[in-house]
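Chemist: Start counting the sequence shown at 177; every next residue gets the next number (the working numbering).
Quick caveat, the hints were computed from the structure, so don't treat them as lab data. The reader is advised that the hints may include incorrect statements.
[Unchecked claim] Derived lysine-lysine pairs resembling DSS-like cross-links, with alpha carbons at most 27 Å apart:
1. K314 - K358
2. K358 - K187
3. K196 - K358
4. K388 - K358
5. K196 - K314
6. K210 - K454
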Amino acid sequence: MDCDPLRQLWKYPDQLVWFKEWTIQQASYIPVNKPPFTLGVNASEWIIDLERPVNILNSIYTRPRSVGEIRSEIIMHLGHYISLPLHLIFVEDVPHITKLSRSTQKIWELMKTLVEAFGFHWHTAPIYAITELAHMNKLGFVHAIITDDFRTFLYGADMLIGRLTFTPDTLNHTGASIYQLKSGLSCSSLILIHLLCGHAHLFGNTGWSIEKALEAVRCGHDDQLCDSYQQFSPADFIAFCPIFRAELEAINDVPRLSSSFPAGDILATLLSPTVSSKHVLSLQLNTYRGYTFPRAHLLANILKGTALMDTSIHMSICQGLALRLLLDCRDVPWGLRNSLAWSIKHFEPFPEDIIRTFNIVTTRITVNPEAMNTMWMELTGGLVNEIILGEYSHTFALPVILLRDVPSYIITRLV
177 MDCDPLRQLW KYPDQLVWFK EWTIQQASYI PVNKPPFTLG VNASEWIIDL
227 ERPVNILNSI YTRPRSVGEI RSEIIMHLGH YISLPLHLIF VEDVPHITKL
277 SRSTQKIWEL MKTLVEAFGF HWHTAPIYAI TELAHMNKLG FVHAIITDDF
327 RTFLYGADML IGRLTFTPDT LNHTGASIYQ LKSGLSCSSL ILIHLLCGHA
377 HLFGNTGWSI EKALEAVRCG HDDQLCDSYQ QFSPADFIAF CPIFRAELEA
427 INDVPRLSSS FPAGDILATL LSPTVSSKHV LSLQLNTYRG YTFPRAHLLA
477 NILKGTALMD TSIHMSICQG LALRLLLDCR DVPWGLRNSL AWSIKHFEPF
527 PEDIIRTFNI VTTRITVNPE AMNTMWMELT GGLVNEIILG EYSHTFALPV
577 ILLRDVPSYI ITRLV
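Could you put together the complete structure from these sequences and hints?
Modeler: Here it is as structure tokens:
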């Protein structure tokens, strides 16, 4: 019996898409004055995956990953994300839930530092990231969740994206698997299927197949179970359980169920998980009305002296900053929409698919850093008030821009 029966329901994704194209399309549907297209990420799940040993020369032997390798992979993923019109909220389990080794703790702290340096949001769940993310998806704080854990649907998630595997320079060719709650199924349906086909360590091997569990759902036993648990007193629910088991066992060719089925404590966890209130999430996650920006000097410090400086990661970061400036100022009369996009020395042109989708008219600029101040002032009609090349930004090729006639909340997020 599959230990994750829900995975059997989604043997194949509902959509197979190119992640970059799909993200641009989804982001284009968001109104100008609304928060950007946002994805939730299960940070705890990603950390566990990053710690898995790697094969040595495709052999049966493995070795642990070094912190440097893990750091490079995190930066590569975040670099791809920053170049797209989206915001990310990384959610971790509450720290005491998982006992961490010293090396894992270092990776955890490193990931949080990198996530915040790239301008994304880090959030700690009251208990489990999986329940917090599903709750955020239901409330609309995130439009979808990047995870391979289908149990997220049990808690009310609407859309999942299978975890992405980027390799250097493959953003345009990275596929994504999109999963959505199947028609005719609800959270109650999934809970009953999960109880009947899983939890062998509690109920023993029930012998129920997915097909028989779906038959029980069609008979309405899913809503019957969940409604009874929520409406009955504890004593009445205990009295209800033998009757409910008998009704399930009346289905043709199904085995008898354990006397402990269904477990009330498991139902309590599934139906009433501990999550943040909408008010708390609004305060922590909805404090901005536009895109967040990478922290140029912090990123420069992190990348300085590493081999990553020789890759295209700095170009992705600069494109990401330019993209966020353009999209964040679409509703500003003297904003950047029709006047500013950049291609600083050695950078590739700004992505045409994004320019086309968001109807951005750009002025391409290729200048040497020494002439940057004068040329940007001339080519942008004075819109760019000042360009500051800090201690690291010259090496990093990422200037910090201060804008005139642009709301102060944008300026404060840049510096």
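Chemist: If a hint holds in the structure, say so; if it doesn't, say that too.
Modeler: So, going through the hints one by one against the coordinates:
1. Between K314 and K358 the alpha-carbon distance is near 16 Å, which keeps this suggested pair within the 27 Å criterion.
2. For the hint linking K358 to K187, the alpha-carbon distance of about 12 Å falls within 27 Å, and the restraint holds.
3. At most 27 Å may separate the alpha-carbon atoms for a hinted pair to count; K196 and K358 meet this at roughly 24 Å.
4. Taking the CA atoms of K388 and K358, the gap is about 17 Å. The hint holds against a cut of 27 Å.
5. Taking the CA atoms of K196 and K314, the gap is about 24 Å. The hint holds against a cut of 27 Å.
6. Restraint check: the Cα-Cα separation between K210 and K454 comes to about 18 Å, which is no more than 27 Å; the hinted pair holds.
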